[in-house]
Structure formats: C-alpha cells, structure tokens
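Student: Protein sequence lines, in the order shown, are assigned to chains A and B.
For the first sequence, counting from 1, position 159 maps to 159 in my numbering; every step adds exactly one.
For the second sequence, counting from 1, position 65 maps to 65 in my numbering; every step adds exactly one.
Don't read these hints as lab results, they were simulated from the structure.
One should not assume that every hint holds.
Stated by the list, open to error - Straight line, CA to CA, 27 Å or less: simulated BS3-like cross-link-like pairs of lysine-lysine: (1) K102(B) - K195(A); (2) K37(B) - K160(A); (3) K195(A) - K37(B); (4) K70(B) - K66(A); (5) K37(B) - K71(A); (6) K70(B) - K58(B); (7) K102(B) - K199(A).
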Amino acid sequence: MIKQERHVLVIFPHPDDEAFGVSGTISTYREMGIPVTYACLTLGEMGRNFGNPPFANRETLPQIRKQELLKAAEAMGIDDLRMMGLRDKTVEFEDDEKMVKLVADLIEETQPSLVISFYPNLSVHPDHDATARAVVRAVRRMPESDRPTLYTIAFAHNTKEVLGEPDIIHHVEGAAKKKLATMNAHASQTVWMMKDMEKRLADQDPEALKWLHYERFYTYRWDRDFE
Amino acid sequence: MEPVQPAHLQELIDSFANKDVYIHLETTNGSYASHFKEGFFNAGAFIRNVVVKYELGKVAGESPHRIGLKLPYGWVYAQGITHYTLDEHGRLLMAGLDPEGKLAVSLEISETPFTY
C-alpha cells in the first residue's frame, strides 16, 4: 500500500541514483496524480564508464548524462526536474550551510508532504552521505509539526546492524515497465548491469524479481537522529 | 577518444608547450571501490583548471603510456594513459581506460578553462 501524498520531493546527487531503488515508487506516485519534484544535484560529471571503445570522454559525459536524466524523468512521468549545478564528487566539500539552504529552499518552495533521499553515513558514496546530511539538517530545523515525512535509502554493508529492516515497503510491480525504462534511460551507467538483469528477469530469478517489484525505505526517526 | 598514437600525441603535447594552459588531472578507483571489495584502500586525486606553463612534455613507454610535463619549478605527470582526442574546442583530452572501459586516470590540457 502506497500512502497518498500532497507533494513528493526527491533529492539525490547523481543522475541514476533514483533509478535503482526509487523509480518504481516515483512512477507510482505520478500515476496516483501526486506531484513529484526531483532535484538532482550534479550531472555525474565524474562517472567512470566510458566504454571500450569509448563512447564519451570526461568533457562530453555531463551532456550525455543530462540527456539520460531528462529521458529518465520522462519515463517516470516527472514534470518538475531540477538540475542544481553542483559537481560530482565535490558535494561534501561545499559549505555545509549552503547545502542546508539549498534543501531548505526546495522544501519552502514545493511544500512537500514527503521527502525522499539517502540516509546519512550509510549510503556509501560521499556525495550520497553529504546530500543526506543536508536533507536531514534542513528538515530538522523545521518546527516538528511542519516537517515532511522523510523516507531514506541506505545500502552500506552495516545498514541492518544500525537501522534494522526497512519499515516502508512499496509494492511497485505495476510500475515495472517504467522502472526498467528508467534504468535503461541511464544507459551510460547501466547498460552492463541491465544486460545481466534482463537475463535474470527472463529466467524468473527471485532476487531480480524482488528488486523489480519492491522498493524499501527507512522512515527517518528523529528520536534516533544521526547527529 | 582513440587509442594513443605516441608520435601524434607527442606533437599535440608539443603544441601546448610554453603557453599558459589549464590542466585537469585525476586518478580514481571509483567511489564504490571499497564497498565492492572490502579492505580495498581507495585513493585518488583531482585538480581542475589549475594554470601551468610547461617547457617540455613527453609521452613515454609502451601503452599504457606515461605523460610528463616539466614546469619551471615542478612537474605534472600521469601514468596509464591509453586514449586521447583533440576535441572540437582544441582541448587535448587524455585518459587511461581499463579493459572494461572504466576511467582510471585522466590528464587534459586546454588554452581555455574547462567547465566548472
């Protein structure tokens, strides 16, 4: 059961961060008629997949990934996509207050009932963790009664030890086609993974089907704040 | 980008010598390296849009090549360069790609600043 929302604000640092574990949820919200704003902080400028023979170089990659992001947004039915202009791998080095303000401004403008991002310090990539810290801090500064719900993703190896099992499980089988289309939209990042994934899905591999049909989140708990 | 032709790359490097040029230099194992391989010591470095003027630049070794730039008071070098291109903005882009096409090192030289 996916709860009704007024407006959903999704904040991730890289094009494709939304694809793997949230695109089914986003697509479902859009089908329910719920507005979704996706703020993507960078264009994944420092990605490493250039192919062999290479299809891109360090300077052309951002434009390729921007086009992929636009295509992914279209696949999910997102009509409010924000590209925030930061550089991949530098988010943690930005001024912390500037980052909090970036998030606070997005919240102020879109008045979300739900924010979706990473969980601080359990999200492996330094940009993920930096984004998550800014999101948590921005929401924490709001009066308790005004705070949107915060759904977070965490995938560090020690996640279960720290957070236990996710409390929110979305059944998104109905959005499977859109989820696959979103994954495929980010071709420069996913083409290798998707070749394998499509074979596993064709073979009815239970883990692959579980990935496609279910998305999991930890509701951020203010009584167990990360800092 | 194409596989390095050392003589051609050497000509291109020579063409940027003794000029103020913007440098992009990075090495990387990828941000997930120690996630996928526990205990992996992940290290890298990144500079972008630092201006230098080199008096001598060399392509050395068999592929993957080493590129060294001698500055009046120092050095820039990159190891593992496999591919290069002179792009439509006249920038010399060099990269070291592993067999799967993942970038491990990049050295770029331009007379105009790179984007942010």
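Student: It remains to establish, for every hint, whether it holds in the given structure.
Tutor: Against the structure, the hints:
{"no.": "1", "hint": "K102(B) - K195(A)", "verdict": "17 Å, holds"}
{"no.": "2", "hint": "K37(B) - K160(A)", "verdict": "19 Å, holds"}
{"no.": "3", "hint": "K195(A) - K37(B)", "verdict": "22 Å, holds"}
{"no.": "4", "hint": "K70(B) - K66(A)", "verdict": "37 Å, violated"}
{"no.": "5", "hint": "K37(B) - K71(A)", "verdict": "32 Å, violated"}
{"no.": "6", "hint": "K70(B) - K58(B)", "verdict": "9 Å, holds"}
{"no.": "7", "hint": "K102(B) - K199(A)", "verdict": "23 Å, holds"}
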